[in-house]
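From just these sequences and the hints, can you work out the full model?
In order, the protein sequences belong to chains A and B. Note that full-length UniProt numbering has the first sequence beginning at 1, numbered continuously upward. Note that full-length UniProt numbering has the second sequence beginning at 1, numbered continuously upward.
Hints are computed from structural coordinates only; laboratory data are not their basis. Just so it is clear, CB atoms sit at the ideal spot from N, CA and C, and this is done for glycine as well.
With a cut-off of at most 30 Å between alpha-carbon atoms, the simulated DSS-like pairs for lysine-lysine come out as follows: (1) Lys71(A) / Lys128(A); (2) Lys123(A) / Lys6(B); (3) Lys7(A) / Lys168(A); (4) Lys233(B) / Lys141(A); (5) Lys233(B) / Lys52(A); (6) Lys17(A) / Lys71(A); (7) Lys71(A) / Lys233(B).
To spell it out: a stretch of chain B is covered by chain A in this simulated footprint if at least three of its residues, at any positions, have a beta carbon under 8 Å from a beta carbon of chain A; those stretches are: (8) 216-224; (9) 235-241; (10) 247-259.
Footprint (simulated), chain B over chain A, 3 or more residues, beta carbon under 8 Å: (11) 69-75; (12) 91-99; (13) 113-122.
Residues per chain are reported as follows:
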Amino acid sequence: MGILEVKGVNKRFGGLKALSDVNLSVRENTVHAIIGPNGAGKSTLLNCLVGKLIPDTGSVMFDGQSVLGRKPHEINQMGISRVFQTPEIFGDLTVMENILIPCFARRDGAFRLHAFENFAHEKDLVEKAEAILVDVNMIDKRNMHSASMSRGDKRRLEMAMCLVQEPKLLLLDEPTAGMARADTNNTIDLLRDIKSKRDITMCIIEHDMHVVFSLADRITVLAQGTPLVEDEPENIKGNPKVQEAYLGEAAH
Amino acid sequence: MLGLNKHDAMLFVIVLILTLLAPFLLNPFPQGSSLAQFNAGYPDLMQRFVIYGIFAIGFNILFGLTGYLSFGHAAFLGMGSYAAVWIFKLLTYNVVPAILLSVIVAGLFALVIGYISLRRSGIYFSILTLAFAQMSFALAYSVLSNPKFNLTNGETGLQVYSNDPQWLHRASLPDMPHLFGLSVRSTYTLRMNGWTFDFNSGYYICAAIMILMFYLSIRIFRSPFGMMLRAIKSNQQRLNYTGLNSRPYTLAAFVISGMYAGLAGGLLAAMDPLAGAERMQWTASGEVVLMTILGGAGTLIGPVLGAGFIKYFENIFSKINDNVLHQWFAFLPDGMEDLMVTIVHPFIGKGWNLTLGLLFMIVVIFLPGGLVEGGQRVGRVFRRRDRKASGAEAEAARQRRTPAE
Chain A
1 MGILEVKGVN
11 KRFGGLKALS
21 DVNLSVRENT
31 VHAIIGPNGA
41 GKSTLLNCLV
51 GKLIPDTGSV
61 MFDGQSVLGR
71 KPHEINQMGI
81 SRVFQTPEIF
91 GDLTVMENIL
101 IPCFARRDGA
111 FRLHAFENFA
121 HEKDLVEKAE
131 AILVDVNMID
141 KRNMHSASMS
151 RGDKRRLEMA
161 MCLVQEPKLL
171 LLDEPTAGMA
181 RADTNNTIDL
191 LRDIKSKRDI
201 TMCIIEHDMH
211 VVFSLADRIT
221 VLAQGTPLVE
231 DEPENIKGNP
241 KVQEAYLGEA
251 AH
Chain B
1 MLGLNKHDAM
11 LFVIVLILTL
21 LAPFLLNPFP
31 QGSSLAQFNA
41 GYPDLMQRFV
51 IYGIFAIGFN
61 ILFGLTGYLS
71 FGHAAFLGMG
81 SYAAVWIFKL
91 LTYNVVPAIL
101 LSVIVAGLFA
111 LVIGYISLRR
121 SGIYFSILTL
131 AFAQMSFALA
141 YSVLSNPKFN
151 LTNGETGLQV
161 YSNDPQWLHR
171 ASLPDMPHLF
181 GLSVRSTYTL
191 RMNGWTFDFN
201 SGYYICAAIM
211 ILMFYLSIRI
221 FRSPFGMMLR
231 AIKSNQQRLN
241 YTGLNSRPYT
251 LAAFVISGMY
261 AGLAGGLLAA
271 MDPLAGAERM
281 QWTASGEVVL
291 MTILGGAGTL
301 IGPVLGAGFI
311 KYFENIFSKI
321 NDNVLHQWFA
331 FLPDGMEDLM
341 VTIVHPFIGK
351 GWNLTLGLLF
361 MIVVIFLPGG
371 LVEGGQRVGR
381 VFRRRDRKAS
391 GAEAEAARQR
401 RTPAE
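Take a look at the structure:
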């Protein structure tokens with residue numbers, strides 16, 4: 001029994017069948033990658049997991065509870081954090097504030113009217129935020145305006161914002177999309193580092209095979225809205241069905 | 001100090017001192033001199049400075065922090081005024097219950113209007129708030145004023161009549177709004193050869209409340225709640241995916257700013273026990289937007305500056321008439337004098353809005369951060385000139401030496 005169980009999920013957009021009968025099981029403390037050519041339904045699947053889309057049929061269970069029909073902030077409070085394709089951070093705020101917000105969210109829940117409280121009394125959270133900044137090598141940038149940072153640093157910051165919440169599941173949506181090779185390798189190193197330092201379950205949606213094979217413990221290949229195979233990386237490489245899905249795409 | 005950091009505490013102390021000394025500072029020209037028309041130190045105007053300051057400080061908590069632009073905040077101002085006048089009519093002329101009720105009434109209406117309007121963001125939110133404000137105006141102006149049920153007294157405006165019950169009123173108390181017996185109109189006038197300074201109790205009541213409200217706004221700006229509101233302006237999607245529900249945060253900000261507006265409305269009525277529907281009209285809502293942007297939205301002091309700036313120039317420009325212009329341009333030859341008066345004429349008196357429009361355009365185009373940004377730029381230029389001056393001198397000294405060598 002995995003921490004995330006997707007069963008019989010279907011999603012239609014008008015005449016287009018984006019997902020058909022998707023089953024997926026993500027086991028605890030593994031890195032599970034979902035790969036597939038363009039238009040395979042990877043992003044649709046992800047949006048069904050985070051509450052942005054509701055599947056037509058099927059169930060999505062996380063940690064024994066259904067996520068369907070819940071709002072994004074409720075799903076996050078259940079323990080799922082998400083990294084976006086292009087880093088989504090609070091650009092007008094400082095790096096430290098960017099980290100403090102998820103700290104408050106984890107401690108105080110979805111809303112609290114702390115209008116007359118003072119940061120001076122939040123030593124615990126500030127220390128926690130500092131620790132994670134040390135962890136991702138950004139402590140010297142703590143007072144920087146986050147919009148003015150490089151894209152790599154923004155990605156790093158977004159990752160830290162998710163990690164500081166100690167999520168049960170970290171969802172990554174094409175974390176290296178549009179990156180140069182060097183940046184891609186940095187991101188891979190960062191993710192490996194994160195994985196080695198703590199017990200964490202990650203689910204990566206990715207297009208880039210290099211990233212997937214560097215990180216994943218388990219891979220699901222999605223093609224035309226339906227899972228082709230689910231297996232360990234070594235077995236995926238030689239799988240003829242997978243080659244066909246990718247080569248087929250390359251051929252036309 | 002008081003839970004503020006050094007920088008904020010200094011700003012607070014400066015505002016405190018300026019507000020307390022306003023009767024001196026705003027009357028720099030001796031009575032009877034030709035410049036006396038630029039004086040602003042009389043009670044009525046000073047009261048408006050601080051009351052509209054409160055209005056703008058509250059508006060800035062919503063607009064400056066969350067970026068939600070409400071075009072209907074005057075509705076809360078008007079509701080506050082009506083609530084206060086009803087207290088005067090039914091209970092007592094004491095301003096304390098009147099102000100409390102105006103804050104509560106405005107807060108309740110803000111809760112309902114905010115709950116509905118905040119379902120949308122951006123321009124749709126602005127239009128929804130505008131629609132609510134115009135509906136409130138229409139209700140106050142005609143619907144809620146009929147012989148059977150007269151809540152607002154329509155065009156005439158709500159006021160206190162001698163046959164109103166005023167259950168808690170006693171003969172020993174002043175027959176006008178008062179604070180536990182101290183009439184808001186009691187004024188001590190200090191005369192010092194040529195100069196006169198008015199110390200009005202109504203002004204000091206409003207000033208004390210404004211200082212308290214300014215302090216609260218600093219605390220809100222610097223609190224975790226304030227940080228969440230800035231996060232909403234910055235990236236609402238990220239906030240939701242970080243496990244925070246943005247809706248109650250924006251609603252709380254909306255209600256707080258609505259209560260500030262209600263407080264300002266209550267104080268307006270406390271200084272002059274009259275409430276009219278025009279106080280809720282969309283032009284009044286627009287005015288607080290102008291004040292906040294002109295002063296600097298999202299800054300602590302900006303809205304206060306903007307409110308003071310607009311109310312001061314409104315007063316001065318409206319007072320200038322053609323006679324005054326003729327005096328000013330008297331030094332020019334006759335034809336030129338008339339020409340100048342003709343050119344300037346549309347911008348003064350009733351045409352003050354034209355001047356305000358131009359000023360607003362200039363600020364938005366050249367100083368998007370408002371007067372606060374203007375001040376910062378001037379400060380930077382001076383600092384740079386100091387540095388450049390020392391740098392230039394060194395350069396010049398080096399050049400003087402070179403030819404000799």
